[in-house]
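Undergrad: Listed here are the chains, written in short residue letters.
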Amino acid sequence: MSNRYFRIIQWSFFIVTVLFLTVPLCFLVLKGMQGIVECMQSDEVMFSIKTSLKMSVLSTVICMIAAVPVSCVLNTLKGMNKNIWTKVLFMPMSLPHLVSGIALLLVFGRNGIGDFLFDHYGIDFIFTPQGIVLAQLFINLPFAINGVLAALEELDPKMVFVARSMGCNEFQAFRNVTLPLLKRALISNSIMTWTRALGEFGAVLMVAGSIQMKTEVIPTAIFLSMSSGNLDMAAGISVILMIISWMGLWLFDRILIKQTNGIFQ
Amino acid sequence: MLNVERMHVKVGSFELKEVNLNLNSGEYFVILGRSGCGKTVLLETIAGRYPICEGSVLMNGSDVTKVSPEERNIGFVYQNYLLFPHMNVEENIGIPLKIRGFHKKEIYLKTKELMTILSIEHLTGKYPDKLSGGEKQRVALARALIFLPKILLLDEPTSSLDYITKKQIQHTLHEIQKKFNLTVVHVTHDIEEALLFADRIGILANHSIAKVFGNSEIENVSRADLSNLIEKEIA
Numbered sequence: 001m002s003n004r005y006f007r008i009i010q011w012s013f014f015i016v017t018v019l020f021l022t023v024p025l026c027f028l029v030l031k032g033m034q035g036i037v038e039c040m041q042s043d044e045v046m047f048s049i050k051t052s053l054k055m056s057v058l059s060t061v062i063c064m065i066a067a068v069p070v071s072c073v074l075n076t077l078k079g080m081n082k083n084i085w086t087k088v089l090f091m092p093m094s095l096p097h098l099v100s101g102i103a104l105l106l107v108f109g110r111n112g113i114g115d116f117l118f119d120h121y122g123i124d125f126i127f128t129p130q131g132i133v134l135a136q137l138f139i140n141l142p143f144a145i146n147g148v149l150a151a152l153e154e155l156d157p158k159m160v161f162v163a164r165s166m167g168c169n170e171f172q173a174f175r176n177v178t179l180p181l182l183k184r185a186l187i188s189n190s191i192m193t194w195t196r197a198l199g200e201f202g203a204v205l206m207v208a209g210s211i212q213m214k215t216e217v218i219p220t221a222i223f224l225s226m227s228s229g230n231l232d233m234a235a236g237i238s239v240i241l242m243i244i245s246w247m248g249l250w251l252f253d254r255i256l257i258k259q260t261n262g263i264f265q
Numbered sequence: 001m002l003n004v005e006r007m008h009v010k011v012g013s014f015e016l017k018e019v020n021l022n023l024n025s026g027e028y029f030v031i032l033g034r035s036g037c038g039k040t041v042l043l044e045t046i047a048g049r050y051p052i053c054e055g056s057v058l059m060n061g062s063d064v065t066k067v068s069p070e071e072r073n074i075g076f077v078y079q080n081y082l083l084f085p086h087m088n089v090e091e092n093i094g095i096p097l098k099i100r101g102f103h104k105k106e107i108y109l110k111t112k113e114l115m116t117i118l119s120i121e122h123l124t125g126k127y128p129d130k131l132s133g134g135e136k137q138r139v140a141l142a143r144a145l146i147f148l149p150k151i152l153l154l155d156e157p158t159s160s161l162d163y164i165t166k167k168q169i170q171h172t173l174h175e176i177q178k179k180f181n182l183t184v185v186h187v188t189h190d191i192e193e194a195l196l197f198a199d200r201i202g203i204l205a206n207h208s209i210a211k212v213f214g215n216s217e218i219e220n221v222s223r224a225d226l227s228n229l230i231e232k233e234i235a
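Going down the list, the sequences are from chains A and B. The first sequence runs 1 to 265 under the numbering used here. The second sequence runs 1 to 235 under the numbering used here.
Same shape as in the complex, but just chain B:
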């Protein structure tokens, strides 16, 4: 589904080297790493924000290395949501469809449907500055899902939420991924969260994916042992 091959990207003085990632369709891949190790840069590069110096990014076998972000069909959710402050909740969610030329009625129906799935139908007409962190995150998720992306990239989606909201959003993410059969790349520094979701876990350290823990390790090794192993890799 998503293949990143020997990717080398430079952003200012920061760089990621020889990054290799192979994701299967419907897989939930979590990337763990320390703060500042380049997790966000990796996601943004996959989504097309930064041009890569070497290597390639393939989606469903086709090379998208030089394809512009709008043509990659990738959903992106940032840690700080980045909802458009001048649009209300429906407008925020509906904007990808509006861009694609959908009819107003169709946008309305699809927006309503997704708002119901994400339990945010009561937020109709509200502007982002009136929403709580959890509500903003659900709206950001809806906006990223409405155009049915092939891949969903999540940049620490729960890190700025309180414990209860975090658990609710984690549950929602899990449900959504199953419902839409999404291929997800989720970056976080929270090992517990990674173990909760991941089909596989990649460790980003020393400017590259240093190790990938496969499905068998996640399922067969005890949580405590796996946590220790991951901590060692991150360190």
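Looking at chain A on its own, in the form it has when it is part of the complex:
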């Protein structure tokens, strides 16, 4: 094949892919802009936006706090051990989110430990806002662990050993060397985790349900609008979700990644 044809094929794929990925979004934005004002005036939609933002930020924070030590442990394992534990922890990644939701429902519902948690600690996850965080955490934690683990594996273990040899104990080496070197990976992982949490639907629906003015998040609000045949409202909320995601990414980039060159630069 000549260079010319090879390039034509590559560019053809490129153009078709760009159209495939952008045209539907453009249509959604055009349609959604008409419904945005109506959405902003709806108390229900505004409630779902606030709930989505609060819960997604909370679940992202918990996710990253848990992902770092878990990844560190995985990184110290070798061979079969590492392989087995990685596969176990990444299992939810391969499941449809609805299935993950059912699994959570079984464990944290009345048939599982739900009653025990409620009676002893007053915590209830099913059909409550806490359930939203639980579902988002369950879906996102394996992805977060995967991201942090990949960054840890790229880190030269000799770097940590040098820190140890000059007097750092394990925590000091982690605090002064590992963590700063993971900074960029942690920030980009937080962004990805947050955007995934913001858009999580299946598991949230199963665990927290879609109770108006209680457990309604943006994706469930879209789903309810579509179910009632209000396409304008559904498109409007979708555009709001897109704007929030992009503003979040932009803010993260401006505020947090400034010193590490930024993901958009």
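Honestly, the hints are just simulated from the structure, not real lab data. Quick caveat, the model's predicted, so the values are computed rather than measured. Any given hint could be a false lead.
Each computed DSSO-like pair below joins lysine-lysine, with the alpha-carbon atoms no more than 30 Å apart [to be verified]: (1) A:K183 - B:K98; (2) B:K105 - A:K78; (3) A:K82 - A:K54; (4) B:K179 - A:K214; (5) B:K10 - A:K78; (6) A:K183 - A:K158; (7) B:K166 - B:K104; (8) B:K112 - A:K50; (9) B:K130 - B:K105; (10) B:K105 - A:K183; (11) B:K17 - B:K98; (12) A:K78 - B:K167; (13) A:K158 - B:K104; (14) B:K110 - B:K130; (15) A:K50 - A:K183; (16) A:K82 - B:K10; (17) B:K110 - B:K179; (18) B:K130 - A:K183; (19) B:K126 - B:K166; (20) B:K211 - A:K158; (21) A:K158 - B:K10; (22) A:K87 - A:K158; (23) B:K66 - B:K126; (24) A:K82 - B:K112; (25) B:K17 - B:K232; (26) B:K98 - A:K158; (27) A:K82 - B:K17; (28) A:K183 - B:K126; (29) B:K178 - B:K10; (30) A:K82 - B:K130; (31) A:K78 - B:K66; (32) B:K110 - B:K126; (33) B:K126 - B:K104; (34) A:K54 - A:K158; (35) B:K178 - A:K158; (36) B:K105 - B:K66.
Take a look, some chain B residues computed to stay more than 10 Å from chain A by CB distance [as the list claims (entries may be wrong)]: (37) I95; (38) T124; (39) S159; (40) I169.
Note that beta-carbon positions come from the ideal geometry of N, C-alpha and C, so glycine has one too.
Starting from the known structure of chain A, arrange chain B on it as the hints suggest.
TA: Chain B alone, transformed into the frame defined by chain A:
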């Protein structure tokens, strides 16, 4: 000062067996060996990176075999420097003191002093990615020396440097060792470099220290003959 007795260490499928080393205080001991013969593993094991299967490591008579790396008080300089990229030169050099709880002012003074000794005071505020190989090596040396270690382990410290920088670093090493009266274990595959520094030379071959050339051999045998002898041992 440093006694390694019948040390057996296994790292993955690689192992060192029956390694014996006895170093006197202030001695400059060079370990020569082919690439991949386990020179770095030997140094790292002395510094506490790998647990040993058999034998013992003693420093000043006390058994440090099971002592963690941070408690051994050993300075380590790698071939590729391994400076912390998120810290500038002073922070890199000062981190061992910061860990030990020194006051900021004291860290500043000691860092400045060492930077002057190593002629790197002009690197103040620079980050490792802006330094040349020779500068990085001097910073790595300063970082390894600032906490006054009992022993300094050098893993091919000049192998990735150009000829002129290599000579300068060799000169610096020599000066530093005399000034701080350091006990140094320096691994290299460069016979010329070994002959330049060594009080004694150990040959690492067949997973162990195969032979040690003493001070008298180094001083009395001609360089060419000694080189030939060493080459035979390494081969």
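Undergrad: Hint by hint, say whether it matches the structure.
TA: Structure-based check of each hint:
1. A:K183 - B:K98: holds (21 Å)
2. B:K105 - A:K78: The given pair, whose Cα atoms are some 43 Å apart, is violated under the 30 Å limit.
3. A:K82 - A:K54: violated (35 Å)
4. B:K179 - A:K214: Violated, because 73 Å separates the two Cα atoms, which is more than 30 Å.
5. B:K10 - A:K78: holds (15 Å)
6. A:K183 - A:K158: holds (18 Å)
7. B:K166 - B:K104: violated (33 Å)
8. B:K112 - A:K50: Violated, at about 53 Å.
9. B:K130 - B:K105: Between K130 of chain B and K105 of chain B the Cα gap is close to 26 Å, so the pair holds against 30 Å.
10. B:K105 - A:K183: holds (28 Å)
11. B:K17 - B:K98: With a Cα-Cα distance of about 38 Å, the restraint between K17 of chain B and K98 of chain B is violated, given a limit of 30 Å.
12. A:K78 - B:K167: Violated, at about 41 Å.
13. A:K158 - B:K104: holds (27 Å)
14. B:K110 - B:K130: holds (23 Å)
15. A:K50 - A:K183: Holds, because 28 Å separates the two Cα atoms, which is no more than 30 Å.
16. A:K82 - B:K10: Status holds; Cα separation ~20 Å.
17. B:K110 - B:K179: OK: K110 of chain B and K179 of chain B at ~15 Å, within 30 Å.
18. B:K130 - A:K183: Distance of about 20 Å is within 30 Å: holds.
19. B:K126 - B:K166: holds (22 Å)
20. B:K211 - A:K158: holds (29 Å)
21. A:K158 - B:K10: This hinted pair holds, its Cα atoms lying about 17 Å apart.
22. A:K87 - A:K158: Holds: K87 of chain A and K158 of chain A sit about 27 Å apart, inside 30 Å.
23. B:K66 - B:K126: Given that 30 Å is the threshold and the Cα spacing comes to 38 Å, the pair is violated.
24. A:K82 - B:K112: violated (45 Å)
25. B:K17 - B:K232: Status holds; Cα separation ~21 Å.
26. B:K98 - A:K158: This hinted pair holds, its Cα atoms lying about 20 Å apart.
27. A:K82 - B:K17: Holds, at roughly 28 Å.
28. A:K183 - B:K126: holds (20 Å)
29. B:K178 - B:K10: It is violated: about 34 Å lies between the C-alpha atoms, which goes past 30 Å.
30. A:K82 - B:K130: Violated: K82 of chain A and K130 of chain B sit about 37 Å apart, past 30 Å.
31. A:K78 - B:K66: Given that 30 Å is the threshold and the Cα spacing comes to 22 Å, the pair holds.
32. B:K110 - B:K126: holds (18 Å)
33. B:K126 - B:K104: holds (19 Å)
34. A:K54 - A:K158: Violated: K54 of chain A and K158 of chain A sit about 40 Å apart, past 30 Å.
35. B:K178 - A:K158: Holds, at roughly 28 Å.
36. B:K105 - B:K66: This hinted pair is violated, its Cα atoms lying about 35 Å apart.
37. I95: violated (6 Å)
38. T124: T124 of chain B is indeed farther than 10 Å from all Cβ atoms of chain A, at 20 Å.
39. S159: Non-interface label on S159 of chain B holds, nearest chain A Cβ at 16 Å vs cutoff 10 Å.
40. I169: Holds, since 18 Å exceeds 10 Å.
In summary, the numbered hints that this structure violates are 2, 3, 4, 7, 8, 11, 12, 23, 24, 29, 30, 34, 36, 37.
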